[in-house]
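With the sequences and hints as input, model every part of the structure.
Protein sequences appear in the order of chains A and B.
As numbered in my numbering, the first sequence has no gaps in its residue numbers, which increase by one up to the final residue, 536.
As numbered in my numbering, the second sequence has no gaps in its residue numbers, which increase by one up to the final residue, 452.
What the hints contain is simulated information worked out from the structure, not anything from laboratory work.
Cβ coordinates follow ideal geometry from the N, Cα and C atoms, glycine included.
Accuracy of the hints is not assured; some may be wrong.
Said to hold, decoys possible - Quick list of simulated restraints, FRET-style, between CB atoms: (1) B:Gly142 to A:Phe389: 48 to 58 Å; (2) A:Glu435 to B:Gly372: 44 to 54 Å; (3) A:Phe317 to B:Glu396: 49 to 59 Å; (4) A:Phe389 to B:Asp106: 38 to 48 Å; (5) A:Ile303 to B:Asp249: 52 to 62 Å; (6) A:Val381 to B:Thr338: 55 to 65 Å; (7) A:Ala438 to B:Lys151: 18 to 28 Å; (8) B:Asp249 to A:Phe288: 55 to 65 Å; (9) B:Met148 to A:Val381: 41 to 51 Å; (10) B:Glu132 to A:Ile259: 45 to 55 Å; (11) A:Pro368 to B:Met148: 25 to 35 Å; (12) B:Glu132 to A:Glu435: 18 to 28 Å; (13) A:Trp267 to B:Ser83: 57 to 67 Å; (14) A:Lys322 to B:Gln429: 28 to 38 Å.
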Amino acid sequence: MNSIPQLPLASWIDSFVDWLVQFTGFFNAITNFIGGINNAFQWVFDIIPIWLFIILILGLTFYVNRKDQRWSLLIFEFLGLLLIWNLDFWRDMTQTLTLVLTSSLIALVIGIPLGILMAKSHIAEVILKPILDFMQTMPAFVYLIPAVALFGIGMVPGIVASVIFAMPPTVRMTNMGIREVPAELIEAADSYGSTEWQKLFKVELPIAKTSLMAGVNQSMMLSLSMVVIASMIGAMGLGTKVYFAVGRNDAGGGFAAGLAIVILAIILDRLTQSLTRDHKG
Amino acid sequence: MSIKVEVKNLTKIFGKHVGRAKELIKQGKSKPEILKETGATVGVDQANFEIEDGEIFVIMGLSGSGKSTLVRMINRLIEPTDGEVLIDGENLMKMDKKKLRDVRRKKMSMVFQNFGLLPNRTIIENAEYGLEIQGVEKEERRKRAKTALEQVGITGYDDEYPDQLSGGMQQRVGLARALANDPQILLMDEAFSALDPLNRTDMQDQLLDIQESLKKTIIFISHDLNEALKLGDHIMIMRDGEVIQTGTPEDILTHPANDYVEEFIENVDRSKVLTAGNVMIRPVTINVDKAGPRLTLKRMKNNEVSTAYVVDNKRKLIGIVDANDVIGLVRHDSSDLRSVVKEDVPTTNEETPISELMDDISQTGIPFAVTNDKGQLKGIIVRGAVLGALAGNEVSEFE
Ligand SMILES: Nc1ncnc2c1ncn2[C@@H]1O[C@H](COP(=O)(O)OP(=O)(O)OP(=O)(O)O)[C@@H](O)[C@H]1O
Ligand SMILES: [Mg+2]
Numbered sequence: 256m257n258s259i260p261q262l263p264l265a266s267w268i269d270s271f272v273d274w275l276v277q278f279t280g281f282f283n284a285i286t287n288f289i290g291g292i293n294n295a296f297q298w299v300f301d302i303i304p305i306w307l308f309i310i311l312i313l314g315l316t317f318y319v320n321r322k323d324q325r326w327s328l329l330i331f332e333f334l335g336l337l338l339i340w341n342l343d344f345w346r347d348m349t350q351t352l353t354l355v356l357t358s359s360l361i362a363l364v365i366g367i368p369l370g371i372l373m374a375k376s377h378i379a380e381v382i383l384k385p386i387l388d389f390m391q392t393m394p395a396f397v398y399l400i401p402a403v404a405l406f407g408i409g410m411v412p413g414i415v416a417s418v419i420f421a422m423p424p425t426v427r428m429t430n431m432g433i434r435e436v437p438a439e440l441i442e443a444a445d446s447y448g449s450t451e452w453q454k455l456f457k458v459e460l461p462i463a464k465t466s467l468m469a470g471v472n473q474s475m476m477l478s479l480s481m482v483v484i485a486s487m488i489g490a491m492g493l494g495t496k497v498y499f500a501v502g503r504n505d506a507g508g509g510f511a512a513g514l515a516i517v518i519l520a521i522i523l524d525r526l527t528q529s530l531t532r533d534h535k536g
Numbered sequence: 054m055s056i057k058v059e060v061k062n063l064t065k066i067f068g069k070h071v072g073r074a075k076e077l078i079k080q081g082k083s084k085p086e087i088l089k090e091t092g093a094t095v096g097v098d099q100a101n102f103e104i105e106d107g108e109i110f111v112i113m114g115l116s117g118s119g120k121s122t123l124v125r126m127i128n129r130l131i132e133p134t135d136g137e138v139l140i141d142g143e144n145l146m147k148m149d150k151k152k153l154r155d156v157r158r159k160k161m162s163m164v165f166q167n168f169g170l171l172p173n174r175t176i177i178e179n180a181e182y183g184l185e186i187q188g189v190e191k192e193e194r195r196k197r198a199k200t201a202l203e204q205v206g207i208t209g210y211d212d213e214y215p216d217q218l219s220g221g222m223q224q225r226v227g228l229a230r231a232l233a234n235d236p237q238i239l240l241m242d243e244a245f246s247a248l249d250p251l252n253r254t255d256m257q258d259q260l261l262d263i264q265e266s267l268k269k270t271i272i273f274i275s276h277d278l279n280e281a282l283k284l285g286d287h288i289m290i291m292r293d294g295e296v297i298q299t300g301t302p303e304d305i306l307t308h309p310a311n312d313y314v315e316e317f318i319e320n321v322d323r324s325k326v327l328t329a330g331n332v333m334i335r336p337v338t339i340n341v342d343k344a345g346p347r348l349t350l351k352r353m354k355n356n357e358v359s360t361a362y363v364v365d366n367k368r369k370l371i372g373i374v375d376a377n378d379v380i381g382l383v384r385h386d387s388s389d390l391r392s393v394v395k396e397d398v399p400t401t402n403e404e405t406p407i408s409e410l411m412d413d414i415s416q417t418g419i420p421f422a423v424t425n426d427k428g429q430l431k432g433i434i435v436r437g438a439v440l441g442a443l444a445g446n447e448v449s450e451f452e
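Printed below as a string of structure tokens:
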């Protein structure tokens, strides 16, 4: 064994990251951009009074389920949000929500086109598949290190790490949804003389919508699962509360914050699922 | 008659080693030989034929004989390996993407075996799809789509979704979508194969009706010789990707080119023994568990019939009612429809050969009710329909 020298894999990657760091300008621009989206969300959430926020969420739930009302969900949301307010986690909750929404939005904006590309091009699929597997199975902690090197500490590196970890389902499900569009519908679109774009927007994406939305839902849940990890590099929110509670050996506080994350997760999950169901809308 | 579509040496080879397979094909090797030598599948083997303007040209053959591949090369949904397709003398193979798209938009439309309707679009939105992608104004395309839907007898379903309609109605929408573009050529790949026998006959009749006034050039794929004989001005028979024979129905029946074609015709000879299921039509039915005399009368009036078939909730046949008797009930303000139902209706099942029913039907003129083994009413057989079916069936022994 010893006759074979150990591969300097770690130092290769280090030098790669070091090499990247010289493009400070570029990464600063990204940081500002992502930070901008994040701040915009946070600004909106801070400006809305808590009671109005609760009403808006209930109203939205009511609206997306208008064909098939779910009263138990409405009651759960109402009580859950009141609890978060009561526990004084409101601002943390909106920070977490901001992180999740920003990273989901970015995952969606990058992930859907990648999924489309993957469905259309065999070469793209061959290249992207292992990369997606890698992104999703590499322990999420690992992303924190280069994220800090490139984006500093705070919300932005947390978002970047979340995007990398959470994007694969959106790409995968978009790809799958488009590939599973029945061949006859593709033939119908082609035989009537659709352009590639018309086929994509009038046939493939609408038919793949259920699958695509399921991917978005999964991405959102994965980015929510990143909040505690992201808090280690300074992304504020409920994750920070949990992280600090661990440090202080404070089981009560940890569980309380954890519960708030669970409530937020359930609300986001049910809301995006209703959007999926509401086809033909 | 002018030639609308001309196909020359059209060939499609699927799989690897296409170049090698192409050489073998030119040497006259057959599909199984080529598969064995190169592993490539011959879809269509140097097909040559011409289609006249305004005719229905039926392509027949067993499963895997290359019908779908052939028809898809005519609009280049499948890119040919070799050969030419000329439409109005213009070579389709030489067209760039844009020109091809234009031909697909304006000149030919396709109707699919499983309808190919977009599930997320309403009926009217489906019917206008072809116009929409051409950029026709919304008002204009709605109007044209509506006209096309009326042509195929679908009205009042504009805002429903495809899955809310029966198969027969969905295929009518598929046909309307094709007609809305006002194409010169219709490509129909087993368009009626997924329908049940009743709907299938209806659709064939409707296609002939529409063809009467519109005079499209229709390329129709079928694996049912009865259908081919009924619809086709010319019939082409394929085997293993090769064209075996092309001719009028008469030609094919009287001068089969070889044993393969002969066998095909023999098959129809056996199936030409028409059964009750082949010729039955849809009766006007009244559900006695739901309808009273007034509703019954209204339905009879709407359908312009003087007798109606009475069934129960489970569609089990009970009997027939006469309009006069129902009027009597209404006069006496009675609601007991059952009291006037006549139960002695001649019945038969779907498998009964028509020849057994012929005598009774032509003598008495009383329709037969066709029921299944559960006693449910499936259709009725009237004299006109039997004669019509026999007349349409050119090889019938009753001729
Ligand atoms: N995409 C494809 N790749 C490989 N082989 C194909 C492909 N499409 C068709 N084939 C082969 O080409 C031959 C002709 O197929 P085609 O679908 O045209 O037959 P068909 O006459 O339409 O049959 P059916 O009555 O079952 O619809 C078959 O041997 C089939 O296996
Ligand atoms: Mg076929």
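Output the numbers, in ascending order, of every earlier hint that fails for this structure. Failing hints, ascending: 4 and 9.
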